[in-house]
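These protein sequences, in sequence, are chains A and B. Each residue of the first sequence is one higher than the one before, counting from 0 in numbering that gives the first Met the number 0. Each residue of the second sequence is one higher than the one before, counting from 0 in numbering that gives the first Met the number 0.
Please note: incorrect hints may appear among the correct ones.
Here are some of the chain A residues that sit facing chain B, going by a computed Cβ distance under 10 Å [claimed, not checked]:
| # | residue |
| --- | --- |
| 1 | Asp8 |
| 2 | Val12 |
| 3 | Pro70 |
| 4 | Arg73 |
| 5 | Ala141 |
| 6 | Asp166 |
| 7 | Thr220 |
Honestly, the hints are just simulated from the structure, not real lab data. Ideal placement from N, C-alpha and C gives every residue a C-beta, glycine not left out.
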Amino acid sequence: MKNAVRCRDVVVVRGDREVLHGVGFDLRTGTVTGLLGPSGCGKTTLIRAIVGLQAKVTGNVSVLGLPAGAPKLRGRIGYVTQEPSVYGDLSVTENLRFFAAVLGVPADDVGRVIDAVDLRSHADVRVDRLSGGQRSRASLAAALLGDPELLVLDEPTVGLDPVLRRDLWDLFHRLADTGATLLVSSHVMDEASRCDRLLLMRDGELLADDTPQALLDSVGTDDIEQAFLTLIEQKAGAR
Amino acid sequence: MTPRVTFAVAARVLAQLRRDHRTVAMLIVLPTLLVSLMWWMFHDSPGTFDRFGGPLLAVFPAIIMFIVTSVATLRERSTGTLSRLFTMPMAKVDFLLGYALAFALIAVVQALVVVSIALYALDLSIEGAAWQLGVVAVLDGVLGTALGLFASAFAATEFQAVQMMPAVMIPQILLCGLLLPRDQLPTVLHAVSDVLPLSYAVDAVTGVAQGNGFGAGAGTDALVVTAFILAALALGAATLKRRTA
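Model the full structure from these sequences, guided by the hints.
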């Protein structure tokens with residue numbers, strides 16, 4: 000399969016407000032794509048549409064060749080929500096054993112994902128006693144269980160120190176090298192250069208869908224933040 | 000549904016409860032303390048505790064289980080763990096049955112404690128068999144759990160979930176025959192009480208207490224309570240949405 004995710008004319012209505020206004024893009028299998036944009040631009044809504052948890056989605060969202068939310072996709076997608084979605088009153092290991100049981104993956108996968116997110120020293124600590132960054136790594140570990148083909152990560156690196164962020168991005172690329180597809184949202188523009196491709200979003204629309212370098216070249220700058228601003232101005236001028 | 004997933008959910012809920020000593024104490028000890036308080040209240044009015052003691056064995060476990068369950072499942076929604084589970088091969092029924100199973104186990108312990116104390120320490124006198132009283136008390140605890148699971152679908156926050164208790168449970172307590180025998184209620188209210196689950200829970204306990212065991216009347220009431228439990232779980236599964244706004 001060439002594209003792990005294919006979106007066409009995706010519109011999402013929340014309440015009586017349209018929050019995504021016809022978004023379309025492809026995620027190539029085995030790549031890391033950054034979903035960048037300011038807070039409130041619709042990143043989380045788009046992510047929830049892809050993992051099949053968003054109501055009132057029109058248009059076409061296909062994931063691994065199936066319509067988003069299809070029962071056969073369950074367990075093939077690793078999803079990390081913005082808030083760490085793990086049980087605070089259980090230890091890291093207990094959390095992961097539970098999710099492994101639900102997924103039906105062998106219990107020894109738990110040790111592998113704990114090492115992958117570098118939480119070995121805190122494996123038996125209750126999650127609510129961990130720091131914010133450790134907690135989000137525990138949440139990420141749960142998404143890695145069973146080697147999902149698609150990983151959708153909603154701001155997984157918020158609040159992490161630079162060394163850890165670099166390590167996690169290295170991990171993301173290693174996973175992509177083994178054939179997984181990753182969509183990683185962030186509102187930190189400096190993470191853009193670490194992605195194979197970028198989706199720039201603002202006010203429920205895609206401003207750009209390109210490689211980081213091509214994006215910079217197209218507006219003649221070497222700074223993603225500046226490229227983002229230029230694109231917004233170009234868009235406003237075109238109206 | 001997948002038994003592997005149902006049992007994983009149940010085991011995880013119990014593991015979480017094991018960490019939470021205050022909640023376990025509330026689940027196990029509180030019904031007994033409340034029944035004991037009633038016993039003490041009516042200490043100088045002979046016969047009164049025998050009349051109210053039985054029905055309270057139905058009411059207290061149901062209320063307490065209702066509150067704990069509705070808040071526990073809501074917490075699961077607000078922390079995003081339910082979203083994560085919905086991207087995994089978990090049927091909605093697995094989730095609800097897992098919770099029901101875990102709390103049913105708690106209800107068994109709760110019933111053993113409260114019924115033993117009521118019968119053997121507080122000298123509650125019943126005509127029927129003690130084990131039948133125990134079975135009915137377990138069913139009542141599970142009924143509270145099932146109603147709590149269903150009600151939590153209509154609450155958006157834990158704050159709202161707690162408010163469901165007075166809204167859902169207090170009318171049932173007023174009409175279940177505890178304060179006034181149901182046949183003395185005005186016609187309309189009597190008809191309303193006929194469709195409320197707690198009425199049958201109290202009827203079942205009263206039936207056992209008066210010696211109309213499972214063979215005569217109380218068994219039917221217990222079956223009706225079971226039907227309400229299954230209906231509440233089915234409705235809970237129907238109202239739980241994978242896709243939300």
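How the hints compare with the structure:
1. Evaluation of the Asp8 (chain A) hint against chain B yields a violated restraint, the C-beta minimum of about 19 Å exceeding 10 Å.
2. At about 8 Å, the closest approach between the beta carbon of Val12 (chain A) and any beta carbon in chain B falls short of 10 Å, and the interface hint on this residue holds.
3. At about 8 Å, the closest approach between the beta carbon of Pro70 (chain A) and any beta carbon in chain B falls short of 10 Å, and the interface hint on this residue holds.
4. With 10 Å as the threshold, the beta carbon of Arg73 (chain A) comes within range of chain B, its nearest partner Cβ sitting at about 4 Å, so the hint holds.
5. This hint holds: Ala141 (chain A) has a C-beta 7 Å from the nearest C-beta of chain B, less than the 10 Å allowed.
6. Of the supplied interface hints, the one on Asp166 (chain A) is violated, with its beta-carbon coming no nearer than about 23 Å to a beta-carbon of chain B, more than 10 Å.
7. For Thr220 (chain A), the suggested interface contact is broken, since its CB lies about 37 Å from the closest CB of chain B, more than 10 Å.
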